[in-house]
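*Asks:* Chain by chain, the residues run as shown.
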Amino acid sequence: MSEMRYEAPKTLAAAVALLSGAKGQASVLAGGTDLLIQMRAGRVEPELLVDIKGIPEMTSIVAENGGFRFGAAVTCMELIEHEAFAKAWPGVTDGVKLIGSIQVKGRATVGGNLCNASPAADSVPALITAGAAVSIVGPNGRREARVEDIATEPGKISLAKGEIVVSFLLPRRPPHSGDAYLRFTPRTEMDIAVVGAGVNLTLDEKGVCSQARVSLGAVAERALLVSEAAAALIGTKVDAAALKRLAAAASAACRPIDDKRGTKEYRIKVAGVMARRAAEIALARSVSSFAPTHSLRKTARTQDSI
Amino acid sequence: MAKHHVTATINGNGVEFLCETHQTLLEVLRDELGLTGTKEGCGTGDCGACSVTVDGRLVCSCLVLGVETEGKSIQTIEGMGVGKDLHPLQRKFLEHAALQCGICTPGILIAARSLLERNPNPTEEEVRYGLAGNLCRCTGYHKIVDAVLDAAREMRRA
Chain V
1 MSEMRYEAPK TLAAAVALLS GAKGQASVLA GGTDLLIQMR AGRVEPELLV DIKGIPEMTS
61 IVAENGGFRF GAAVTCMELI EHEAFAKAWP GVTDGVKLIG SIQVKGRATV GGNLCNASPA
121 ADSVPALITA GAAVSIVGPN GRREARVEDI ATEPGKISLA KGEIVVSFLL PRRPPHSGDA
181 YLRFTPRTEM DIAVVGAGVN LTLDEKGVCS QARVSLGAVA ERALLVSEAA AALIGTKVDA
241 AALKRLAAAA SAACRPIDDK RGTKEYRIKV AGVMARRAAE IALARSVSSF APTHSLRKTA
301 RTQDSI
Chain B
1 MAKHHVTATI NGNGVEFLCE THQTLLEVLR DELGLTGTKE GCGTGDCGAC SVTVDGRLVC
61 SCLVLGVETE GKSIQTIEGM GVGKDLHPLQ RKFLEHAALQ CGICTPGILI AARSLLERNP
121 NPTEEEVRYG LAGNLCRCTG YHKIVDAVLD AAREMRRA
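The listed protein sequences correspond, in order, to chains V and B.
Using the numbering used here, you'd call the opening residue of the first sequence number 1 and step up by one each time.
Using the numbering used here, you'd call the opening residue of the second sequence number 1 and step up by one each time.
Here chain V stands alone, though its shape is the one from the complex (with noise of 0.2 Å):
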């Protein structure tokens, strides 16, 4: 530990050289809410700490395209905190705002939930339902990669030695368009889910729906983007059938580990119902961009079946 090097680069090109030329393990510090405890535990002993909360990019918010960009390392509550995104993306708002208490949100950030690689990850699922793509820049350059591309397994990344995920753009979004993510957890606070779920649609002027993304977290090595539940919705007005069928694709495409958390069984069943109710909560968001005399307020809600 008395070997640790710390360095504070104020550019993304002084970042990627002090990490592609470190001899042992370097690290990027951003929150360290998960990095400082797992130096702590002694899981992991970085011979670099490379802090990146100097460099303007992975520390702003700006309007881009009509969608949004935001660091990699912004801090969660900055990231709730701004009126404007949490307006047009409340589901990764929702999402976000589920990562550990008050205190470790004015730490940790998007880019480092993201990076760490929990399955369990809050703002994950949201982030891939949004359709969020991530830039990464390292010794070759800057690419564009997807949010459900990154994490590979429990504690793994795609990305290469020098790499890092530097910002996140969230695409403009077409008018009556709603997210939503939900987690299943014992307590409400200061947990870890169960199961994570995350929708996000776009209806058209009839009322259907004509787009729509969902994910599921902590029941696969990853989080999942399940194309097969969105598909349940798509061309519907998203009535109790399609929910059904909603819920049934989602259970279908858990591939859970028994844990202390729950049994495969129980996760496969709440994950059906939970990214059923996120669908609700996504529809009520993009149906309330609808002037308030539209019919379509009067959809159909589901009795709950858990």
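No lab work stands behind these hints, which were simulated from the structure alone.
We treat Cβ as the ideally placed atom computed from N, Cα and C, and that holds for glycine.
There's no promise every hint is true.
Which stretches of chain B does chain V cover? Using the computed rule of at least three CB atoms under 8 Å from a CB of chain V, they are [to be verified]:
(1) 21-27
(2) 118-132
DSS-like mimics (lysine-lysine), calculated; alpha carbons at most 30 Å apart, straight line [what the hints assert, rightly or not]:
(3) Lys97(V) x Lys87(V)
(4) Lys161(V) x Lys23(V)
(5) Lys10(V) x Lys84(B)
(6) Lys3(B) x Lys53(V)
(7) Lys244(V) x Lys269(V)
(8) Lys269(V) x Lys156(V)
(9) Lys87(V) x Lys53(V)
(10) Lys39(B) x Lys143(B)
(11) Lys237(V) x Lys269(V)
(12) Lys156(V) x Lys260(V)
(13) Lys72(B) x Lys97(V)
(14) Lys237(V) x Lys156(V)
(15) Lys97(V) x Lys143(B)
(16) Lys23(V) x Lys53(V)
(17) Lys39(B) x Lys72(B)
(18) Lys3(B) x Lys84(B)
(19) Lys53(V) x Lys72(B)
(20) Lys206(V) x Lys23(V)
(21) Lys156(V) x Lys264(V)
(22) Lys53(V) x Lys161(V)
(23) Lys72(B) x Lys10(V)
(24) Lys97(V) x Lys84(B)
(25) Lys39(B) x Lys84(B)
(26) Lys23(V) x Lys3(B)
(27) Lys72(B) x Lys84(B)
(28) Lys39(B) x Lys53(V)
(29) Lys87(V) x Lys206(V)
(30) Lys264(V) x Lys244(V)
(31) Lys244(V) x Lys23(V)
(32) Lys161(V) x Lys3(B)
Mind docking chain B on chain V? Use the hints.
*Replies:* Relative to the frame of chain V, chain B by itself:
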């Protein structure tokens, strides 16, 4: 390897300290600067006993490295009262007997002050959610919540 030389502001006073890379802000406060009001509970960001603010942002000082605080402004429990004049939250904690062993109290006071700065008129539910990152194993929380709500009432009248 040489220690890092860090210049920061703590409770409004400029300070300089030396620290190793691995030393947390909590360790720097307690072991290097003698500011032992900030307590260590879990050391893993779960209990909130070590809560301080860094540039106005509530954080667990066990999850911040000392070297990261270069140029930052830190507020700890030592800066909450002025001499013998206690902060209203501190007085209300005494009046309501909102503590027993006291280990969680500095962190809860810092977190409660941060909450009231952002929301001067919280509901009971908002206080409970606002302090969800602070564990107390003695009181059962009722007296803490009562004290925070009472302090908020007094601070709104002031």
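*Asks:* Against this structure, judge whether each hint is valid.
*Replies:* Okay, the hints, checked on the actual structure:
Residues of the stretch 21-27 of chain B with a Cβ under 8 Å from some Cβ of chain V number 3, which satisfies the need for three, so the listed coverage holds. Coverage of the stretch 118-132 of chain B by chain V holds in this model, with 3 residues showing a Cβ closer than 8 Å to a Cβ of that chain against a need of three. For the hint pairing Lys97(V) with Lys87(V), the CA-to-CA distance comes to about 14 Å; that is within 30 Å, so the pair holds. Restraint check: the Cα-Cα separation between Lys161(V) and Lys23(V) comes to about 11 Å, which is no more than 30 Å; the hinted pair holds.
Restraint check: the Cα-Cα separation between Lys10(V) and Lys84(B) comes to about 44 Å, which exceeds 30 Å; the hinted pair is violated. Restraint check: the Cα-Cα separation between Lys3(B) and Lys53(V) comes to about 21 Å, which is no more than 30 Å; the hinted pair holds. Proximity of Lys244(V) to Lys269(V) is assessed by CA-CA distance (about 12 Å); at most 30 Å being required, the pair is judged to hold. Distance hint between Lys269(V) and Lys156(V) is fulfilled; the C-alpha atoms sit about 27 Å from each other, no more than 30 Å.
At most 30 Å may separate the alpha-carbon atoms for a hinted pair to count; Lys87(V) and Lys53(V) meet this at roughly 26 Å. Note on Lys39(B) and Lys143(B): the hinted pairing holds, with a Cα-Cα distance of about 21 Å set against a maximum of 30 Å. At most 30 Å may separate the alpha-carbon atoms for a hinted pair to count; Lys237(V) and Lys269(V) meet this at roughly 24 Å. Proximity of Lys156(V) to Lys260(V) is assessed by CA-CA distance (about 22 Å); at most 30 Å being required, the pair is judged to hold.
For the suggested pair Lys72(B) and Lys97(V), the alpha carbons sit about 25 Å apart, so the restraint of at most 30 Å is met. Restraint check for Lys237(V) and Lys156(V): the C-alpha separation of about 39 Å exceeds 30 Å, so the hint is violated. With a CA separation close to 27 Å, the supplied pair Lys97(V) and Lys143(B) stays within the 30 Å bound. Straight-line distance between C-alpha atoms of Lys23(V) and Lys53(V) comes to about 23 Å, which keeps the hinted pair within the 30 Å bound.
The suggested pairing of Lys39(B) with Lys72(B) holds, with an alpha-carbon distance near 20 Å, which does not exceed 30 Å. This hinted pair does not check out: Lys3(B) and Lys84(B) have alpha carbons roughly 36 Å apart, beyond 30 Å. Among the hinted pairs, Lys53(V) with Lys72(B) is consistent with the structure: their alpha-carbon atoms are about 13 Å apart, no more than 30 Å. A threshold of 30 Å between alpha carbons decides the hint, and for Lys206(V) with Lys23(V) the separation of about 60 Å lies outside it, so the pair is violated.
A distance of roughly 22 Å separates the Cα atoms of Lys156(V) and Lys264(V); the hinted pair therefore holds under the 30 Å criterion. Restraint check for Lys53(V) and Lys161(V): the C-alpha separation of about 19 Å stays at or below 30 Å, so the hint holds. At most 30 Å may separate the alpha-carbon atoms for a hinted pair to count; Lys72(B) and Lys10(V) meet this at roughly 17 Å. Our distance criterion of 30 Å between C-alpha atoms is broken by Lys97(V) and Lys84(B), whose separation comes to about 38 Å.
At roughly 21 Å between alpha-carbon atoms, Lys39(B) and Lys84(B) fall within 30 Å of each other, so this suggested pair holds. This hinted pair checks out: Lys23(V) and Lys3(B) have alpha carbons roughly 21 Å apart, not beyond 30 Å. Taken as a hint, the Lys72(B) and Lys84(B) pair is honoured in the structure, with Cα atoms around 27 Å apart against an allowance of 30 Å. With a C-alpha separation of about 27 Å, the suggested pair Lys39(B) and Lys53(V) falls inside the 30 Å cut-off, and the hint holds.
At roughly 23 Å between alpha-carbon atoms, Lys87(V) and Lys206(V) fall within 30 Å of each other, so this suggested pair holds. Between Lys264(V) and Lys244(V), the direct Cα distance comes to roughly 20 Å. Compliance with the 30 Å bound is thereby established for this hinted pair. Using a Cα cut-off of 30 Å, the hinted pair Lys244(V) and Lys23(V) is violated, with the two alpha carbons roughly 53 Å apart. For the hint pairing Lys161(V) with Lys3(B), the CA-to-CA distance comes to about 28 Å; that is within 30 Å, so the pair holds.
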